[in-house]
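Chemist: Assemble the complex: chain A is given as a structure, and chain B must be docked to it using the hints.
Listed in order, the protein sequences are those of chains A and B. The first sequence begins at 1 in our numbering and counts up one residue at a time. The second sequence begins at 1 in our numbering and counts up one residue at a time.
FYI, nobody ran anything at the bench for these hints, they're computed from the structure. Just so you know, not all the hints are guaranteed correct.
Claimed, not checked - Mimicking PhoX-like on lysine-lysine, the simulated pairs with C-alpha atoms at most 25 Å apart in a straight line are:
| hint | chain 1 | residue 1 | chain 2 | residue 2 |
| --- | --- | --- | --- | --- |
| 1 | A | Lys104 | B | Lys57 |
| 2 | A | Lys55 | A | Lys78 |
| 3 | A | Lys104 | A | Lys73 |
| 4 | B | Lys70 | A | Lys104 |
| 5 | A | Lys109 | B | Lys70 |
| 6 | A | Lys55 | A | Lys73 |
| 7 | A | Lys109 | A | Lys78 |
| 8 | A | Lys73 | A | Lys109 |
| 9 | B | Lys70 | B | Lys57 |
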Amino acid sequence: AQTVTQSQPEMSVQEAETVTLSCTYDTSENNYYLFWYKQPPSRQMILVIRQEAYKQQNATENRFSVNFQKAAKSFSLKISDSQLGDTAMYFCAFMKHVRRGDDKIIFGKGTRLHILP
Amino acid sequence: DAGITQSPRYKITETGRQVTLMCHQTWSHSYMFWYRQDLGHGLRLIYYSAAADITDKGEVPDGYVVSRSKTENFPLTLESATRSQTSVYFCASSEPRWAGVGGELFFGEGSRLTVL
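Okay, chain A solo, but in the shape it has when bound (with noise of 0.2 Å):
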């Protein structure tokens, strides 16, 4: 069974900082994506950025990117030139790519990502 693990519960940081934020996965399978899924105050799921395993090149949403590391099962978060607006719980995501009328998502238990002025 695929687990994700995030073992960064809590983490503090000054506005403007760059932080980075871990997630380790395990799987048995090749293909497969990865996400980072955002919730602010407002409970509201948002994703933040999609990693397809395939792919070597690191993905970017501006101000968000990731390390994947595929043989090392490591999937970090990294926030740079962070803003009060990215107080959020964060989670990281896992989908198996194998075949039609599996694509549930699996998650691990989140980071609470504090912004401070």
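Modeler: Leaving out everything else, chain B in the frame of chain A:
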């Protein structure tokens, strides 16, 4: 309005009562999911559905029942609520990744359920 809506947003019930949480999406997405969110556990998958009349268990299905007679609706029923089912429940939908859209989940706003 387009999107995914859950109802009720807040519900208080008593142990042993039946509760149904509703989920409706307007995108005609193939997949629909129910997750529960608890402190220290993150999001755990309860049930999911690949299409109308096709459902499957997730990580924590015990005590829950789902149905999907129409593509746009995916209700979650707690047949006999227990205190351990106090949680925030999220419904989500997506297109399958083989459709070329990468499997992004679109979430509802959540339903907070308290079982006394």
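Chemist: With reference to the structure, classify each hint as holding or not holding.
Modeler: Evaluated hints:
1. Lys104/A <-> Lys57/B: holds, 10 Å
2. Lys55/A <-> Lys78/A: With Cα atoms ~18 Å apart, Lys55/A and Lys78/A stay inside 25 Å; holds.
3. Lys104/A <-> Lys73/A: holds, 19 Å
4. Lys70/B <-> Lys104/A: holds, 20 Å
5. Lys109/A <-> Lys70/B: violated, 32 Å
6. Lys55/A <-> Lys73/A: With Cα atoms ~14 Å apart, Lys55/A and Lys73/A stay inside 25 Å; holds.
7. Lys109/A <-> Lys78/A: holds, 18 Å
8. Lys73/A <-> Lys109/A: holds, 17 Å
9. Lys70/B <-> Lys57/B: Distance of about 18 Å is within 25 Å: holds.
Of the numbered hints stated above, the single one contradicted by the structure is hint 5.
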